[in-house]
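With the sequences and hints as input, model every part of the structure.
Residue numbers (this note's numbering), protein chains in the order written: chain A, 166 to 462; chain B, 5 to 484.
Hint data in this document are derived by calculation from the structure and do not stem from the laboratory.
Quick reminder that beta carbons are idealized off the backbone N, C-alpha and C, glycines included.
Heads up, some of the hints might be wrong.
Claimed, not checked - Ranges between beta-carbon positions, derived for each pair:
#1 B:Arg349 / A:Thr440: 41 to 49 angstroms
#2 B:Leu41 / A:Glu307: 54 to 62 angstroms
#3 A:Pro348 / B:Ala17: 31 to 39 angstroms
#4 B:Pro437 / A:Asp319: 36 to 44 angstroms
#5 B:Thr435 / A:Gly355: 21 to 29 angstroms
#6 A:Gly355 / B:Gln40: 35 to 43 angstroms
#7 A:Val408 / B:Thr435: 39 to 47 angstroms
#8 B:Arg349 / A:Ala197: 45 to 53 angstroms
#9 A:Ile438 / B:Pro437: 28 to 36 angstroms
#10 B:Asn433 / A:Glu307: 41 to 49 angstroms
#11 A:Thr440 / B:Thr435: 35 to 43 angstroms
#12 B:Gly23 / A:Gly355: 37 to 45 angstroms
#13 B:Pro437 / A:His302: 29 to 37 angstroms
#14 B:Ile33 / A:Thr440: 36 to 44 angstroms
As the list claims (entries may be wrong) - Sample of chain A residues with no beta-carbon within 12 angstroms of chain B, all distances over it, derived:
#15 Val193
#16 Lys200
#17 Thr201
#18 Arg209
#19 Ser211
#20 Leu245
#21 Glu307
#22 Gln311
#23 Gln314
#24 Asn326
#25 Cys330
#26 Arg331
#27 Leu410
#28 Asp414
#29 Asp418
Claimed, not checked - A few chain A residues facing chain B, derived, Cβ under 8 angstroms:
#30 Val169
#31 Phe219
#32 Gly220
#33 Glu265
#34 His364
#35 Ser394
#36 Leu396
#37 Glu397
#38 Ala399
#39 Val402
#40 His403
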Amino acid sequence: MSFVEYSERIREGDVVIIYLGHESMMPVKVQAGGKTQTRYGAIRHSTDLIGQSFGSKVTCSKGGWVLVLHPTPELWTVSLPHRTQILYTTDIATITMMLELKPGSVVCESGTGSGSLSHAILRTIAPTGHLHTVEFHQQRAEKVEQEFQEHRVDHLVTVRNQDVCREGFGVAGVADAVFLDIPSPWEAVGHAHTAMKRHGGRLCSFSPCIEQVQRTCEALTERGFHDLSTLEVALRVHGVRSVGLSLPDFGPDAGPDAGETPAPAPVHTSVAIKTTIPPREMTGHTGYLTFATKPRT
Amino acid sequence: MAAAEGTEEDDAAYIIKEGDCVVLKRGDIFKALKVQLNKKVMFEKQWLFLDKAVGQLYSTAFEVVSGGHLEPHKAKTTEGSADTAEAGADNRNIVDDGKSQKLTRDDIETLKEQGLKGQDIIQQLIDNSSTFRDKTEFSQQKYIKKKKKKYESTITVLKPSCRILAMMYHGREPAKVCHLRHDTLAQMLTLGNIHAGSKVLVFETCSGLVLGAVMERMGGYGSVVQMYPGGEAVRAGVESFGFPPHFHDTLHEFPICHVNALLAGTLNTAPAKEPEADANDPSKAGEEAGQTDEDMGGGGGGGGEGGPEEPKMETSTAAQDKQREWDKLKENRLQEKKVKMEEKRKKLASAAALLEGKNADGLIIASRFHPSLVLLGLIKFLAPSRPFVVYSQYIEPLIECYTKLKDQGGTVNLQLTDSWLRHYQVLPNRTHPVLQMSGGGGYLLTGTTTVNMRNFKAAGAQQADEPPAPKKLKLSGSEG
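Encoded structure:
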């Protein structure tokens, strides 16, 4: 198991995702002799997990069962321990495409936060790219570095514990893409420019507030970035349902032919249809994504 | 650190060369093409030659000058700022009487013919506008922006990428990509966990855009199997990506008409035997089969000279020669056919070998076919605990897919979604959403396979597939 390479079977030291039910998943580090409690009972790692194939059903001690899934950045995003507000898959997917990430890309990111986006970046740039991620909070930087090791992607990433607005990314002229998710991105635009390749590259800034976007765009234009584009993307989930629709009864047909035989009483009073319904509430705003191209300098 | 490292050699990769696949950009309009010398190309109602772009760097902006030639564009830094000194406070004094512009259409055409550049024409328009000075500063900028779009023909030559090609297809020819919007494609690649080193199945009728996007994300590592309908795999769009040759070694193709045979284990991909050669040419096959290898060399050479020539003499030797030549030609054709069939067989065999293990890592479907049969057929090739993504322009067939998968079992995390995309104009004191937005970018059904897929029992599979959470049972009841 690794976050950048699939395996068939679970081995000791793997991180697996336990599927407990719809939208209820948790990551588990597999250790010989280890035990994990779930609401369906305990999972014994040595007997229930090690050697099993990913995607299989595991019966817990209370008789209920769960599924054990291979980790992916997307499953990690919905099950990781939150240390900060995180980026979700809809934004991540847009960021990945608009930054033109692919195997071999060198990416700078700040802040690392809980590492939700970092894992998705690593998956896409492996096996030849590199991620330089900067996090000013020491505990968060240490924790995420440990997670990268556990997920076997540490060879693809350098974590730096510093303030990007003051000290930059710690690299110069190497990045194909820069991602900023910090309170004052305009203060880091110059450092982003320094980190990027001379030939140019792509930049993305994520900000929840429009005032931040405003200032960032001004800083980007001033620094010579072009093709600025600010957008918002939201995921709409459609719940599939069978619903019954009642049929009206207008009484017996009283047309000219309806004299002799009385029409049989209508059997159906409703019909069932398959349709989708929107959720009662959905995420309407996460943040504005501002993209820009750094020209050759 | 590495800023000054080998810049000149590095440049080679960023120089436009003859034969490169490039994308032309003007405003928000894109066009993908191959750089060919002396070739007239049409872009945005304008004929042009790309010859002068060769040797220049990618992302260079060009101006189209007379004769359709390109000339590197030098942007004036102080564009339009000189005239904005005078501006009105509001629009109370501006009346739309159609008389504010003194230049007529003919005047503008004459200016153009005189070889005036876009910027100069705009300056003329401003000078001849009686209302420009009364417009507010913002309004003046908007006016200049609008005129720029019309009169400035700056064209940028870009390196192709999934981002650019997806925007190009959706903007110009949405029908060719089943109306797949670029952000929806972005969701597909991420939700499908497409990455280097995996084995991904792609079924698409999006001109090869989706296939190319998957190949870009795999970076030439791993394998992609294009599952294609009909006689031949269609993927013109893949060419536009301009991948290096080794990327194509990772691409395999398998015709879906053989899926049932492959699943049943009756697909024959062993080398062709004599009886098959027989079918091609019953009279010759007997002797040929034994000596295929020797004939290859001779036949190849003979075909080249003997083909189009007409024998002129009717002597006995000439007749013999003619007969021999004729035989050779026939043999040669047969050989060619054999080589082709052998190639096709090898291709089929290599794709079949990849599929046989039923251990693919990802499945991406985006087509004009009914997705439910395609999905139920191809999902059998996926390993357990792997993601799949199905795109459809319409939601109803995906509802059917969802229902069938729920009935069948063997999948979790099923989700039917679409994405909403809104662009913003960001300007000092004028920030707001762009007035027009896309109404929809298509629908996605995503999920993850489980081991259950293999040994599911049609009856009662649905209940067995949901963990026995008392709370959830109620929910799935109302769902089913």
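query: Hint by hint, which ones does this structure get wrong, listed from lowest number up?
result: none
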